[in-house]
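Chemist: Start from the sequences, fold in the hints, and give me the full structure.
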Amino acid sequence: EDQVTQSPEALRLQEGESSSLNCSYTVSGLRGLFWYRQDPGKGPEFLFTLYSAGEEKEKERLKATLTKKESFLHITAPKPEDSATYLCAVGPSGTYKYIFGTGTRLKVLA
Amino acid sequence: NAGVTQTPKFQVLKTGQSMTLQCAQDMNHNSMYWYRQDPGMGLRLIYYSASEGTTDKGEVPNGYNVSRLNKREFSLRLESAAPSQTSVYFCASLEGQPNTGELFFGEGSRLTVL
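Keeping their order, the protein sequence lines are chains A and B. Position 5, counted from 1, in the first sequence is what the working numbering calls 11; the numbers after and before it change by one each time, with no gaps. Position 81, counted from 1, in the second sequence is what the working numbering calls 1484; the numbers after and before it change by one each time, with no gaps.
Since the hints were derived computationally from the structure, they do not count as laboratory data. Predicted model only: the values in this text are computed from it and were never measured. Take these hints with a grain of salt, some might be off.
[Unchecked claim] Reference excerpt, derived from the structure (chain B facing chain A, CB under 10 Å, subset only): (1) Gly1445; (2) Arg1447; (3) Ala1453.
Think of the CB as a built atom: it goes at the ideal place given N, C-alpha and C, for glycine as much as any other residue.
Modeler: This is how it looks when you write it as structure tokens:
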């Protein structure tokens, strides 16, 4: 069964305190792994797509990496505006479906 | 740029009432999706439409019906609402190829069933 598990469920950081969010997955034929950001009361907003193990992508203070079993979202020197829920999703081959994890709620304190 | 527009944003229903959630996208995307989001459960796929004229069940389709009215619009209908359908509903459209493309989400429709 295709599955995505994210950890931790919630994370509180001080401003400037770097950390990583984890996304573990089991999927029949990974076509893509995706990271989204969701602010309270809003829909998810796309951040990154990773296609193969070893790939890395960066955007401002965020860097996403991918291995054969998991992905990490590294947050370097976070700011309060980085506070949000971060969602991981996978796209199994042969379907149109996208399977999401339950997310990590990140709070960055000033 | 409107993107994906959902209506209504908020709705309160009584058990047994029916309603339709509307979704429209202006990005000329072929594929559209309906998800529900519940605390601790994440986003779960209800139905999707790979292209105009086609619809398929997702993970949690029971109690829902959908209509792909045209390329722009994809509606979700609750025929007889139940308290278990209290949730936030998100519509999304797909830019690019299946499983590798980017989903664009609407702002959500918050439904409470009493």
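Chemist: Hints first: check each against the structure and report whether it holds.
Modeler: Results of checking the hints against the structure:
Interface restraint check: B:Gly1445 against chain A, minimum CB-CB distance 4 Å, threshold 10 Å, status holds. Interface restraint check: B:Arg1447 against chain A, minimum CB-CB distance 8 Å, threshold 10 Å, status holds. The criterion of a C-beta within 10 Å of any C-beta in chain A is met by B:Ala1453, whose closest approach is roughly 5 Å, and the hint holds.
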